[in-house]
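Colleague: Spelled out, the chains give:
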Amino acid sequence: MSQSIAAPTRPETVTPRVRSPQIQLARRLARNLPALLGAAVIVWVVIVALFAPVIAQYPYDQTNLNAVEQAPSAAHWFGTDALGRDMFSRVVWGARSAVFVILMVSIIDLALGIPFGAAAGYFGGWVDTLLMRVADILFAFPGLLFVFFIAATIKPGILAWAKSNGLSDLAKSGYLDYAVVILALGVVGWAGLARMVRAQVLSTKEREFVISAHAIGVPTWKVILRHILPNSLAPVIVALSMGMGDIALSEGYLSFLGIGLQPPAPSWGNILADNAGRYWRTFPQMIWLVLIPGVVLATVVFAFNFLGDGLNEALNPEISP
Amino acid sequence: MATLLEVKDLRTEFHTQDGIVHAVNGVSFSVDEGETLGLVGESGCGKSVSVLSVMRLIPQPPGKIPAGQVLFQGRDLLKVDDEEIRSVRGNKIAMVFQDPMTSLNPVLTIATQIGEALELHLGMTKQQARKRSVELLEVVGIPEAEGRLDDYPHQFSGGMRQRVMIAMALSCSPQLLIADEPTTALDVTIQAQIIDIVKRLKNELGMAIIWITHDLGVIAGLADRINVMYAGFIIETAPVKELFGNPVHPYTLGLLGSIPRLDESRKAKLTPIEGLPPDLIEMPKGCPFYDRCEFRSDRCATENPALELVAVRHSAACWNWQDVQKRRGAYLSARL
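Listed in order, the protein sequences are those of chains A and B.
Just so we're aligned: 240 in our numbering is position 240 of the first sequence, and the numbers increase by one with no gaps anywhere.
Just so we're aligned: 283 in our numbering is position 283 of the second sequence, and the numbers increase by one with no gaps anywhere.
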């Protein structure tokens, strides 16, 4: 273009302060009290999980038969259980299990859900058909039952494989239980996320700025990454936040029912199962041993749901009351 | 002048559950270097689809281009590979869309969006692209351009966004600018500003323009030549003065009769064209305008007329164009 084009001169004007969508989102979220509380709880749980070895006064599996079934005290904030294990330490280490499982399952969900969903939504064709059929199959089972099924069937297989390959130490360690829980929840969870991404991409790819990007000559992969996905992820963020609460709860179920994390590995679910199984006849004795892990788990699930609701309102200001 | 773009017998159809929609039915036209071509017609007549086909921006499926050639600087754009068409888009042929409120990505700053084409086609670095973006924004008349680079689209008004869109389109100095109803979504004063900007840039840059509109008033002062489209056909094509002075297709006449004019009495009534365009799935055998035409004859029901030369550089697709020419005075004066 030639330099001779004269730009019209204008009087100086004051440019309004730039507010990026991210900052607007954060401001809207900050005005929402439940969401703020939820976020605070989550941050707090993550900090506890990170610093569990420092925060917990005792190892989570240390038994002390001279101090069983104690009431909460200065030495044992949440009391001790039937084997004399410090409940506070177990709950703190339980946070680490929960956060680890939530994080890994979310990573699996995102790593499978976003690429498959985006490819299915954008390209259609066989990718789409395959994804939708797999999702149909996964949705045809009651979710929890399917998780039970996977958790119950893959573990013996891996155990047998580990033994025959001289890895029995690995099999004996608690890591396998984590892997089973994460795998089972991940396999069931990603399809829902993929369907959501697909639906979003399907509608976003028809929007004018996407056609405009094509008209500029932007390569397809860049159109998807830069123009379509960032405009498709709002409901995914909400679903993921709510889903994290579900993951925490599912891990609790699995461990409660004995097919998740196995004692002495600390999980809020198996602590609850342990103590509820022992003390339900003597209700309300030792009630705190049952209540505390239950309340902690419920609080975390609530926190994720509140945050999810808040995100939903912040991302869709037009629907908020 | 040399021919820049030549479209030959272009056909575009959409395969839907209800059947095949024949959106463009054998359209041929050409654009010379520096020429401004107006593409006029009502909604759904195939204006946008034909230019989107030229850019190969029709989603396939459901869209399909079963026939035709789009020769741009001698190359058939319908035949080149994806990489080559991408190097043409935004670089040699740029496009401005109808609705500036939705044509910009809401989550990217405008610096990023204008820079995208510059980095892609001209291999500029981020800094170079920023500098160029400021110049471009100044060219399209955005005040305090530098301070607005990091703004998001929602911080701009509709007219300003359309200026940004034009700046984006001009970024790589295209030889052809396709403007798809760029003023339809804007209010009248802003429309005039945008048209002025485009006129000024056209003269200074010497690019060719295809301007799509359904408003003959907008195109009158801008175009060198006008193609009138109806139901996926070009039904009349003429230099702009010839078209306004000597319209011979009943549809063109109808369009002219349905726009208000400043130089006529206030009591004059606007004459709408009665009826609706034909169903593009089950196209009529004869002339597509048959049902709505006041000049129709029996032949029109069974045979679809082809474009026929009616005057110098002026073609129309009508069996009865001579009859129209004789009777159009009475038709137009009926509204006074």
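One should not assume that every hint holds.
Residues from chain A shown here face chain B by an in silico Cβ test under 7 Å; the list is partial [unchecked claim]:
1) Q24
2) S173
3) G192
4) E208
5) A215
6) P284
7) Q285
8) I287
9) W288
What the hints contain is simulated information worked out from the structure, not anything from laboratory work.
Glycine is no exception: its CB is placed at the ideal position from the N, C-alpha and C atoms.
Colleague: Hint validation: E208(A) versus chain B, beta carbon distance must be below 7 Å. Holds or violated?
Modeller: Nearest chain B Cβ about 4 Å off; hint holds.
Colleague: Go through the hint on Q24(A) and say holds or violated, using the shortest Cβ distance to chain B against 7 Å.
Modeller: It is violated, given that the least Cβ distance between Q24(A) and chain B is near 9 Å, above 7 Å.
Colleague: The hint names W288(A) as touching chain B; please verify it with the least Cβ-Cβ distance against 7 Å.
Modeller: 48 Å, violated
Colleague: Let's test the interface hint: is any C-beta of chain B closer than 7 Å to that of P284(A)?
Modeller: 54 Å, violated
Colleague: Is the interface hint satisfied for I287(A)? The criterion is a beta-carbon contact with chain B at less than 7 Å.
Modeller: 51 Å, violated
Colleague: Does the interface hint hold: is A215(A) within less than 7 Å of chain B, judged Cβ to Cβ?
Modeller: 4 Å, holds
Colleague: With a cut-off of 7 Å on the beta carbons, see whether S173(A) makes it to chain B.
Modeller: Because about 45 Å separates S173(A) from the closest Cβ in chain B, which is outside the 7 Å limit, the hint is violated.
Colleague: Take the shortest C-beta to C-beta distance between G192(A) and chain B; is it under 7 Å?
Modeller: For G192(A), the interface hint is violated, since the closest Cβ of chain B sits about 24 Å away, which is over 7 Å.
Colleague: Taking the least C-beta to C-beta distance, is Q285(A) closer than 7 Å to chain B?
Modeller: 57 Å, violated
Hint compliance for this structure: hints 1, 2, 3, 6, 7, 8, 9 are not met, and every other hint is.
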